[in-house]
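First to last, the sequence lines map onto chains A and B.
Be aware that the first sequence starts at 1, since it is given in this note's numbering, and climbs by one per residue.
Be aware that the second sequence starts at 1, since it is given in this note's numbering, and climbs by one per residue.
Keep in mind that the hints were calculated from the coordinates and are not lab data.
Predicted, not measured: the structure shown is a model, and the values here were computed from it.
The beta-carbon is built from N, C-alpha and C at its ideal position, and this holds for glycine as well.
There's no promise every hint is true.
[Said to hold, decoys possible] Computed footprint of chain A on chain B, listed as stretches where at least three residues anywhere in the stretch have a Cβ under 8 Å from a Cβ of chain A:
#1 43–55
#2 83–90
#3 108–120
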Amino acid sequence: MKNEAVLDLFEEDTQKGKYLTFLLGVESYGIEIAYITEIVGIQPITEVPELPAYVKGIINLRGKIIPVMDVRIRFKKQETEYDDRTCIIVIDIHDISIGMIVDSVSEVLSIPEQEIVPPPDISKNQKKYIKGIGKTAEEVVLILDCEKLLEDDELDLLTKTESS
Amino acid sequence: MNLKVGNSRYTIPITAIKESFRPVVDNLLVDPNGNEMIMVRGQCYPILRLHRQYHVETSITDFTEGILIMVEHDGKSCCIFADELLGQQQVVVKALPNYIKRKKRITGLGGCTLLGDGNISLIIDVGSLITNVDGL
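Let the sequences and hints guide you as you build the complete structure.
As C-alpha cells, this is what we get:
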C-alpha cells in the first residue's frame, strides 16, 4: 500500500521540473511540459480577420480547429519566413488549445527548482511573460508563463490604440 | 456556397443568397462618401468588398474580374464582392476556437467549417454582416 502511494506521487511528479525548450532567434525559451499537447510542423494557416497581428489564424489539426499565435510577433521581434524547422507547439491551458509558432524546438530539459531564479525587475513589460530564468549547464532558459501569454489582452489593446 | 477571396475561403448559407452575377461597369455607382453601389433591374444595392472588409490580399479588385453575390437578410439586401465562386456544398458548422471567441467578436463571421481538401472556410453570418458594416 505504502509503495503504491509512493508510485502515484512519482507518476504525478514525472512531468514536474521538465521543460520543453525552443528557440526564438538566439534566445532559448522553455515551457512546462504539462501544458503541451503536441508538436507539429508548420501547416497551412487560414487567416481570420479582425484579430491582432500575432494571431496568425486557425489551422486544421486532424479535424480540430485551433488558433495559432506567432510568438515572435507576440514578443515584438522581427517576423521571419517559416521554414522546415518552424514548429507549432500546441498547448492546452484551462481547456483552451492554442498553437504557438516558434523557430525550432530544441529538447526537453529537467531544470530543478533551485536552478530557477525569478526574473529581474527591470521592466514591467518584459516580466509579464517570463516566469523565471532557468540555469542549465550551458545556457539560460527563459521560462514562459503560458497563462500570461493568453491573457493580458486588454492591456495590449490599450497600448495599441494609444500608439495608433 | 463557397467562395474565394485571395487565399481565403468563405462560405455563405445558400438560403441567404438571391443571385450571383458579374457586374457591368455602366451599372456601378459611387456616392460622395465613397460607398459603391450597383443598379440591378432598377434597384440600387450597396456593394461590400469582402477583401476590404477583412483585409485580405487579392489581385482581384476590379468588379469586372470578380463576382457579386446578392444576399438578403430581413428585407435588407447587399452585394458581396468576391474573387470567384467555388461551388455549392453541404458543410458542418464548427464554432471558432474559444481563444478567438474570447478575444473578439468578429463582424459577420458565424463560425468555420472544414472543406473536403482539409482547408478551413470561414462561414459568413449575413445578418450580422449587413447590420454591422457601415455604409450598408
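Now the hints, each set against the structure:
1. 43–55: holds (count 3)
2. 83–90: violated (count 0)
3. 108–120: holds (count 6)
The structure does not agree with numbered hint 2 stated previously, though it agrees with all others.
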